[in-house]
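Protein chains in written order, with this note's numbering: chain Y, 1 to 494; chain V, 1001 to 1326; chain L, 2001 to 2288.
Honestly, the hints are just simulated from the structure, not real lab data. Just so you know, these numbers come straight off a predicted model, no measurement behind them. Don't be surprised by glycine CBs; every beta carbon is placed ideally from N, CA and C. Watch out, some of these pointers could steer you wrong.
[Claimed, not checked] Covered stretches of chain Y (in silico footprint by chain V; criterion: 3 or more residues with CB under 8 Å from a CB of chain V, positions within the stretch not fixed): (1) 87-97; (2) 230-242; (3) 259-269; (4) 446-452.
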Amino acid sequence: MKKNLLIRLTSLGLAVITAMGMAACGETTGPETPGGGQTAEYTKPDSIKMTFDTCMTFENGLQDVCDEYKNQTGITLELEKPDHAKYYEKITLAFASGTPSDAIEMGSTYYPENANNGALWDMTDAWENTTAPAKSIIDESYVDALKIDVKDGSGPRLYGFPTVAGNGTVTYVRQDWLDDMGIAMPTTYDEFIDMLRKFKTRGSGTIPLTAAGLLNNGETPYDIYLREFYQDAIPDFYQKEDGTWVDGFSEPEMEAALTRLHDAFAEGLIDGEIVTNKTSTCRDKVNAGLVGCFNYWAGMWCAKLEDSTTGTDPNAKFAAMPIIKEAGHYTERVPTALVITNNCENPVGVFEDLIMYSHDGDKGQMLFTHGVVDKHYTDNGDGTCTALPYYEDPTKLCEKSFYAPELSITEWNDPIALDPRVEESLAVFRDNRTFATVPVVSDVISENLSNLNVVKGEVAANVLHGNITVQEGMAKYNKDAGKYVEAILADLNS
Amino acid sequence: MATNTDAIVVKKPPLSVMLYKYRYFYLMSIPVVVLLLLFYYWPMLGIRYAFSTYKLKHITSGKGPDYSTGFGNFKALLSDRFFTDSFRNTIALSFWNLVFATVFTVVVALLINELQHEWGKKFVQTVLYLPHFLSWVVVASIFTLLLSAGSDFTGKDTSNVGFINAIFLNLGLISQPKAFLTDTSTWRPCWYIIQRWKETGWGTIIYLAALSGISPDLYEAAEIDGAGRLKQTWYITLPSLMNTILIVFILNLAKILNVFESVFVLYNDLVLSVSDVIQTYTYRKGIQGNDYGYATAIGLFKSVISLFLVTGADYVAKRIRGYGIV
Amino acid sequence: MSTKFSFQKGYRARAVFVILNAIFFIFMMVCMIVPIIKILSDSLMNHTVYGMKLIPDEINGIAYKYIFSQDSLRRPLVVSVYTTLMTTFLGLLISTIGAYILIQREMPGVKFFGYMLMFTMIFNGGLIPTFLVMKKLKLLNTLWAVILPMALNVSNLVLMRSFFEGLPKSLFEAAEIDGCTPIGTFIKIVLPLSKAALASIGLFFAVAAWSEYFHYVMYISDTKKYNFQYKLRDLFADKQAGDGEGTNINIKTLQSAAIIVSIVPFMFIYPFCQKYFMTGITMGAVKE
């Protein structure tokens, strides 16, 4: 009589699903994949749909930027600006429902995966053959940074165009503390540690160095925030000169790096809360004037950190430290790409009239960087311009429309002068950087990487806290991560 | 109630009569059923992805899911030690949290009910339920501050230790600041306490509403019988609340495997072994793997487990009050 | 009820309890309010302070002035009020109807209906299928995509039913004898007697609708249709990687002020709903 609820629920569910399954229809149909483009002649598109993640809002005149674009080119720019926090979910949904935009801004995690699976238009030829003014003024190294080696031997191909430089992080030091204590900017690891030790004596509550986590929360490059300690160790897979891939985390260099981190931590030179810190916690500590040394984005952030800190400590001054000798280099991330999807009907047109136009070193670039004249900036008539306040907030100057001016990839004389602090920190970064390469993606890697990163995180944090010794840590790593590392290496070296 | 002999005599009317009798109810059920089918059952077709590989490449290339996987996702899932660990943690964390939540919330609701001062009662309730409206990110940032062991790992400089450590140090309970959130032995208790801090006041609302439904006659009668306040609570208030307590318990039980944000914002590399839950595992897999089929398989696995839990609870509920939740 | 407060014999235990109870709640309130005071204090100081500073060293309302000067927050406020009212109304309608059907234990198919509801609490289709359904129903970019899924909330429906179960059976029988149709009984008897349930579950719907964020992100791309919660997040969310704010107001101060602004409405809603929770109000009505 009494049927089990479990059976009832299950059978009901199955019944409903089956019934509705019959009513269901195919949900996606694949777009045709067009070949590489010819650029010699192209038809101008009537309208372009673009998805972009920028901090300018429609209320602050993003629509005016689109209107001005239509004014200048005659093309309607339909702009979609999803929420920053859910940007990639939205893009995935757009693809899943078969309605991705013509052009989409994509970070370096999504770009290679999409490029590999044929969703993106191959713009290699379009870039080779273009006659646009952009061709002669763009710094090719940024374009090259987005090229992906395809295994069929056709050489590196380009599936997205850099919007701005990838940028990277530099180590900011409290210049006023250095001056105050008569310390010179360190150039070697010993001097660096010595500086942290001296900072430590500045009184209670001082944090000589802070960072958010040990391995950049599992995002590549893992070592950017603690370059001084990692030095020649690479906590990731990398390709040796002979072309074979190795796991940097199990190499002896890593053991030395962990020892350095542990020693500095045990001495109290590194923030005791590094494992629980979020980036925002670090910024709070820095802005509260407690921190002597903090690795963060080059460029705009130098000024921002300083401005926010002077509220608490009026003397605060930050300087970007040239990389110390042992560490060798900072890392420039892979730039964010503006891709053209295969759903786009006129990819060459979009490439020429949107992408190339936005890097033309002239009107187009000005529009894509600073916005609309007399709305976002004024022309002073002497070749210089001045940024205007946002529509809705008179206290805040327009920073950018789509592209950050300080990170422009063209040789372009920006008529709006940069904050000298921004330029200085960027100069230090650019003198000391190497370019990161597009991360390799494969099914094997994505299946194993998240677990591997967990093991790395656990080992590094426990070694840091002295719960286990460095040797025990390496042993634990080899034991726990062995199978993931083997699988990935086998895939990479195949 | 009727006697046994009556019960035997009563014959069920034929179905057509019953259908006619309840015709208005069928009419009323239409909007509910339509919404249910459209927004819940139709998307449920997606559960079939659990038996497929459905990665970003299948989505963006428009090929659609690859069903050759079959039960492969489930095999991979159950052979991954990080998944099984996270499953164990989820059960442990959620179960204890549910127990604490039920007991503590009911007790607080009863105590609020005992507050005599009307204005004071309102004020207390309003304050108690406010933390519910803070996002977990904000709650985590505050509690990380409160529980902080300071920025000096050597423990000599205690000037910026958190509130809790400062109190413990001053009382002489500890000699060194304790990093509560990075210690495997203290992380879980902290998490339970933070959960109670955030959700207790909000949880009492439903019980307070239920308390208002208890007839004052019952209390008056009990008072005449000479029952004290404690006895009244035990013999009248609690039994009257039992129905609501059971329902709330079962509703929460159906959701226990979904615990995510509260853990995600509070866990770290040092306590992963005691704090990693299914949803955080899925999240990590998601940002790097992006296999929608695998994620759906995890979801389906969770649903099946929940089904067992709810069915079990339903059985218990039937034993206690005669009929289950449905 | 014995409410007399006195230390005389016979009342002493009660008096001790009342005092202990008061102390307990004072302690609880301190625990609850301290972190919120910290946020309030952070929102009033236009510089970053690290740690639990409860008393601001300056009182500066610049962040609040800034938030309320944002024109772009006005329309979202209207959207929020509209969706909250609609969701609460439809949600209560559907929950009460569903609950009313569920208590008809004799009705053929009622168990099937119940299982069908419960099943959706445990199994769900996931993000992509739900999105595709919204697209097929042409609800993308309309507020219905936010309102309708929220209006059918099985947990709330089941809770509502547990309240209806508490209503005396004699009432329904009497109504039937009086010749009330089921719909008449529902409107004239069930609803008026369920004020506490309507108030508490209505509060659940209202709060959920007011704080909704996810549905807006997923289903809506028209910026004119975002709600207040979304906009607050959009304006003050912690954006990394150079996407900065560059204002002369400290970002931490702004974020703290935004948190305070977003919880203030709830400080007023609850006391309003609460008057329906007073002991005895429901049953008092039955006696009349």
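To see whether the hints hold, each was checked on the structure:
1. As drawn, the segment 87-97 of chain Y meets chain V at 3 residues by the rule of a beta-carbon pair under 8 Å; at three or more, the given contact holds.
2. Only residues whose beta carbon comes within less than 8 Å of a beta carbon in chain V count, and the segment 230-242 of chain Y has 0; fewer than three means the coverage is violated.
3. Against chain V, the segment 259-269 of chain Y contributes 4 residues with a C-beta closer than 8 Å to a partner C-beta. That satisfies the three-residue criterion, and the hint holds.
4. By the rule of at least three residues with a Cβ nearer than 8 Å to a Cβ of chain V, the coverage given for the segment 446-452 of chain Y holds, with 5 such residues.
Checked against the numbered hints above, the structure violates only hint 2.
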